Amino acid sequence: MAASRSSTPLLKDELDIVIPTIRNLDFLEMWRPFFQPYHLIIVQDGDPSKTIKVPDGFDYELYNRNDINKILGPKANCISFKDSACRCFGYMVSKKKYIFTIDDDCFVAKDPSGKEINALEQHIKNLLSPSTPFFFNTLYDPYCEGTDFVRGYPFSLREGVPTAVSHGLWLNIPDYDAPTQLVKPLERNTRYVDAVMTVPKGTLFPMCGMNLAFNRELIGPAMYFGLMGDGQPIGRYDDMWAGWCTKVICDHLGLGVKTGLPYIWHSKASNPFVNLKKEYKGIYWQEELIPFFQSVTLPKDCTTVQKCYVELSKQVKAKLGKVDDYFNKLADAMVTWIDAWDELNPSGSSGKLANGAAK
Amino acid sequence: MSQVIIKDDEVDIVIGALQSDLTSFMEAWRPMFSRFHLIIVKDPDLKEELKVPGGFNLNLYTKSDMDKVVDSSSSTISFSGYSCRYFGYLMSRKKYIISIDDDCIPAKDSKGELIDAVAQHITNLTTPATPFFFNTLYDPFSEGTDFVRGYPFSLRSGVECGLSCGLWLNLADYDAPTQALKPSARNSRYVDAVLTVPARTMLPLSGINIAFNNELVGPTLLPAFRLAKEGKFRWETVEDIWTGMCAKVVCDHLRLGVKSGLPYVWRQERGNAVESLKKEWEGVQLMEEVVPFFQSVRLSEAAVTAEDCIAEIAASVKEQLGRSNPMFARAAENMVEWIKLWKQVRSL
Numbered sequence: 001m002a003a004s005r006s007s008t009p010l011l012k013d014e015l016d017i018v019i020p021t022i023r024n025l026d027f028l029e030m031w032r033p034f035f036q037p038y039h040l041i042i043v044q045d046g047d048p049s050k051t052i053k054v055p056d057g058f059d060y061e062l063y064n065r066n067d068i069n070k071i072l073g074p075k076a077n078c079i080s081f082k083d084s085a086c087r088c089f090g091y092m093v094s095k096k097k098y099i100f101t102i103d104d105d106c107f108v109a110k111d112p113s114g115k116e117i118n119a120l121e122q123h124i125k126n127l128l129s130p131s132t133p134f135f136f137n138t139l140y141d142p143y144c145e146g147t148d149f150v151r152g153y154p155f156s157l158r159e160g161v162p163t164a165v166s167h168g169l170w171l172n173i174p175d176y177d178a179p180t181q182l183v184k185p186l187e188r189n190t191r192y193v194d195a196v197m198t199v200p201k202g203t204l205f206p207m208c209g210m211n212l213a214f215n216r217e218l219i220g221p222a223m224y225f226g227l228m229g230d231g232q233p234i235g236r237y238d239d240m241w242a243g244w245c246t247k248v249i250c251d252h253l254g255l256g257v258k259t260g261l262p263y264i265w266h267s268k269a270s271n272p273f274v275n276l277k278k279e280y281k282g283i284y285w286q287e288e289l290i291p292f293f294q295s296v297t298l299p300k301d302c303t304t305v306q307k308c309y310v311e312l313s314k315q316v317k318a319k320l321g322k323v324d325d326y327f328n329k330l331a332d333a334m335v336t337w338i339d340a341w342d343e344l345n346p347s348g349s350s351g352k353l354a355n356g357a358a359k
Numbered sequence: 360m361s362q363v364i365i366k367d368d369e370v371d372i373v374i375g376a377l378q379s380d381l382t383s384f385m386e387a388w389r390p391m392f393s394r395f396h397l398i399i400v401k402d403p404d405l406k407e408e409l410k411v412p413g414g415f416n417l418n419l420y421t422k423s424d425m426d427k428v429v430d431s432s433s434s435t436i437s438f439s440g441y442s443c444r445y446f447g448y449l450m451s452r453k454k455y456i457i458s459i460d461d462d463c464i465p466a467k468d469s470k471g472e473l474i475d476a477v478a479q480h481i482t483n484l485t486t487p488a489t490p491f492f493f494n495t496l497y498d499p500f501s502e503g504t505d506f507v508r509g510y511p512f513s514l515r516s517g518v519e520c521g522l523s524c525g526l527w528l529n530l531a532d533y534d535a536p537t538q539a540l541k542p543s544a545r546n547s548r549y550v551d552a553v554l555t556v557p558a559r560t561m562l563p564l565s566g567i568n569i570a571f572n573n574e575l576v577g578p579t580l581l582p583a584f585r586l587a588k589e590g591k592f593r594w595e596t597v598e599d600i601w602t603g604m605c606a607k608v609v610c611d612h613l614r615l616g617v618k619s620g621l622p623y624v625w626r627q628e629r630g631n632a633v634e635s636l637k638k639e640w641e642g643v644q645l646m647e648e649v650v651p652f653f654q655s656v657r658l659s660e661a662a663v664t665a666e667d668c669i670a671e672i673a674a675s676v677k678e679q680l681g682r683s684n685p686m687f688a689r690a691a692e693n694m695v696e697w698i699k700l701w702k703q704v705r706s707l
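Heads up: the sequence lines are chains A and B, in that order.
Throughout the first sequence, residue numbering follows our numbering, covering 1 to 359 in sequence.
Throughout the second sequence, residue numbering follows our numbering, covering 360 to 707 in sequence.
So that you can see chain A by itself, here it is in the shape it has in the complex (with noise of 0.2 Å):
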């Protein structure tokens, strides 16, 4: 039987809200009522030698590119420059349990009634229930208030497994790929969709990273969002990489992955030209990643998610490597990742890093 909580805990020591930027972050303000109990950690894109202004009130520690290079030293090339994919390194040197992360261009969106939507609230919720990758239930999550599991619903399964990842949507403008934006130019997601529900084991899913959180500790390395931006033949494909290698060792380790609830107000159309260009290479390669991860395996010694992902990075090599010369150094960079975590995350370890600290 399924229990519904009646109010969902604050979190509020034990969940980082991840944000990068390059421009400002007046979006906080909107964001305030719900965001000011919470830690933030702004990954500062772009020239290091502009201020970001955050608003007065809020908890935070910002990083730039020179914090960057400072604390990783050569392994700082794992992460992207000119590219919200630099977010990642946020999720490195966060000392929390869960992580939120979301986009400076997101808003409070407003459910049907009328009512502002506590997103954080919602992936907290999220993060808490069990997932049911198994056997999907027709009333979707059944952790939710109001549903359950429905007849025929194995009752061996009913427990579900612990979640890892809340990913959620985007009311407004819809995160559509450069073709479809510059056919449907005009078109915006109007319709609230009432549930979550858990992405099916084997199944993949493209993870947009705008509106998301995750329990740092049953996942975080695997959320390394590749190389991406400057220098780099690729762009907007960072969320995807990091969601398909995430699926797949969630699928391994036997962790959940849900999506729906909660909407954000997504409030910045990019330029679909501009994003093309990023966009291109990944669009056809895409087409060789997808068979790829669908068939990968990992063997039954990656009990945990770094040896998981170390294992993901020498498959890469062996069969993208061949696909594009960038499938060897993303490879590489993977491993350069776990290193650099598993560096600033020594197992058992306690106490804030020295550098980053709120000017």
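Just so you know, these hints were derived from the structure itself, not from any lab.
Being a predicted model, the structure only gives us computed values, none of them experimental.
Note that beta-carbon positions come from the ideal geometry of N, C-alpha and C, so glycine has one too.
Treat the hints with care, since some could be wrong.
[What the hints assert, rightly or not] Here are the simulated lysine to aspartate or glutamate pairs, EDC-like style, with alpha carbons at most 20 Å apart:
no.	chain 1	residue 1	chain 2	residue 2
1	A	Lys95	A	Asp13
2	B	Lys541	A	Glu145
3	B	Lys470	A	Asp194
4	B	Lys541	A	Glu159
5	A	Lys184	B	Asp404
6	B	Lys467	A	Asp194
7	B	Lys470	A	Asp111
8	A	Lys97	A	Glu343
9	A	Lys314	A	Glu288
10	A	Lys115	B	Asp551
11	A	Lys322	A	Asp332
12	A	Lys314	A	Asp324
13	A	Lys110	B	Asp551
14	B	Lys422	B	Asp404
[Claimed, not checked] Distance windows between CB atoms, simulated:
no.	chain 1	residue 1	chain 2	residue 2	range
15	B	Phe652	A	Thr297	19 to 27 Å
16	B	Phe652	A	Leu182	46 to 54 Å
17	B	Asp380	A	Ser113	33 to 41 Å
18	B	Phe652	A	Pro33	45 to 53 Å
19	B	Ser393	A	Leu182	38 to 46 Å
Got chain A; can you put chain B on it based on the hints?
This is chain B only, laid out in the frame that chain A set:
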């Protein structure tokens, strides 16, 4: 996406009558049903005369019709209770079949408008399904939505949809223990989405509000697995759950889609779940054993039609499950017999 035009004569609406007075049911559905041909099948256990209002284009089948087609002295196939509708599927020659339980009426959507469940099922069946990759904005062929960034282009044409499984407001399709523990639980959440259930993922396929492409998967919707004390309330049956798992395996193998979500119907209160709990639950326990079987069964490349697939599944059921319990062996026999019947009826 361009709208597919369906001819009304491509659709059969099959109703299993478990109650004798269908007047209020039919009147409630009249605006949605009246264009189409109906097949009404009377539960052979029902003693009273059926009351059906006029103004519908329909065929009525009763026990005497069933006896002409199926020799009850030699067959273990039963059309009793909820299984009566399968006789309607057997008799239908239409491309699309829609079936709704006779204790359901049209529901209202979040705007307060009556939902045309028939039209929504037809839309689901005539637009492609996307079982090989999950689209986070759900059915990309719905209006106002599309495939999201990162969805492989080679998978965007989708595959044909074999099954459309709708949902229920008010009394959701819960099992007896859940219903008994939460007697006042009512489903009031209208989830405005249709989605494709991914390939190789099993689901509990409820027969309460369902539609399918008869040409593609018709033989798959069959009466095979009966509980020893199966009754006249949905939570006293698992026949549709068994059939649904077979149907999902068949669709996965034939690269057809199974959609779930809209349309909703309003399911009325009926029965007492606690009373049902007093019955034996051996059958429900048996269903736990079959899940690993259905999740792992694989069909040969030679199985290219729904009939071929059912024959192979039946053989596997007999071999792998039949040994542990005669109920499975009987289910396998029923499946084999059904395929024979199916072919026989169509060759007349």
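These are the hints, each one checked on the structure:
About 10 Å separates the Cα atoms of Lys95 of chain A and Asp13 of chain A, which keeps this hinted pair within 20 Å; it holds. The hinted pair formed by Lys541 of chain B and Glu145 of chain A meets the criterion: a straight-line CA distance of about 12 Å does not exceed 20 Å. With a C-alpha separation of about 14 Å, the suggested pairing of Lys470 of chain B with Asp194 of chain A holds against the 20 Å cut-off. With a C-alpha separation of about 18 Å, the suggested pair Lys541 of chain B and Glu159 of chain A falls inside the 20 Å cut-off, and the hint holds.
For a cut-off of 20 Å, the pair hint linking Lys184 of chain A to Asp404 of chain B is broken: about 56 Å separates their Cα positions. Distance hint between Lys467 of chain B and Asp194 of chain A is fulfilled; the C-alpha atoms sit about 16 Å from each other, no more than 20 Å. At roughly 14 Å between alpha-carbon atoms, Lys470 of chain B and Asp111 of chain A fall within 20 Å of each other, so this suggested pair holds. With a C-alpha separation of about 17 Å, the suggested pair Lys97 of chain A and Glu343 of chain A falls inside the 20 Å cut-off, and the hint holds.
Note on Lys314 of chain A and Glu288 of chain A: the hinted pairing holds, with a Cα-Cα distance of about 16 Å set against a maximum of 20 Å. Among the hinted pairs, Lys115 of chain A with Asp551 of chain B is consistent with the structure: their alpha-carbon atoms are about 18 Å apart, no more than 20 Å. In summary, the hint linking Lys322 of chain A to Asp332 of chain A is supported, as the alpha carbons are separated by about 15 Å, within the 20 Å threshold. For the proposed pair Lys314 of chain A and Asp324 of chain A, the alpha carbon gap of about 15 Å is at most 20 Å, so the pair holds.
In summary, the hint linking Lys110 of chain A to Asp551 of chain B is supported, as the alpha carbons are separated by about 16 Å, within the 20 Å threshold. Taking the CA atoms of Lys422 of chain B and Asp404 of chain B, the gap is about 8 Å. The hint holds against a cut of 20 Å. For the pair Phe652 of chain B and Thr297 of chain A, the supplied restraint of 19 to 27 Å holds, since their beta-carbon distance comes to about 22 Å. Hint check: Phe652 of chain B to Leu182 of chain A, Cβ distance near 48 Å, so the stated range 46 to 54 Å holds.
Our hint of 33 to 41 Å for Asp380 of chain B and Ser113 of chain A holds, since their Cβ atoms are close to 39 Å apart. Between Phe652 of chain B and Pro33 of chain A the Cβ separation comes to about 51 Å, which falls inside the hinted range of 45 to 53 Å. Take Ser393 of chain B and Leu182 of chain A: their Cβ atoms lie about 44 Å apart, and the range 38 to 46 Å holds.
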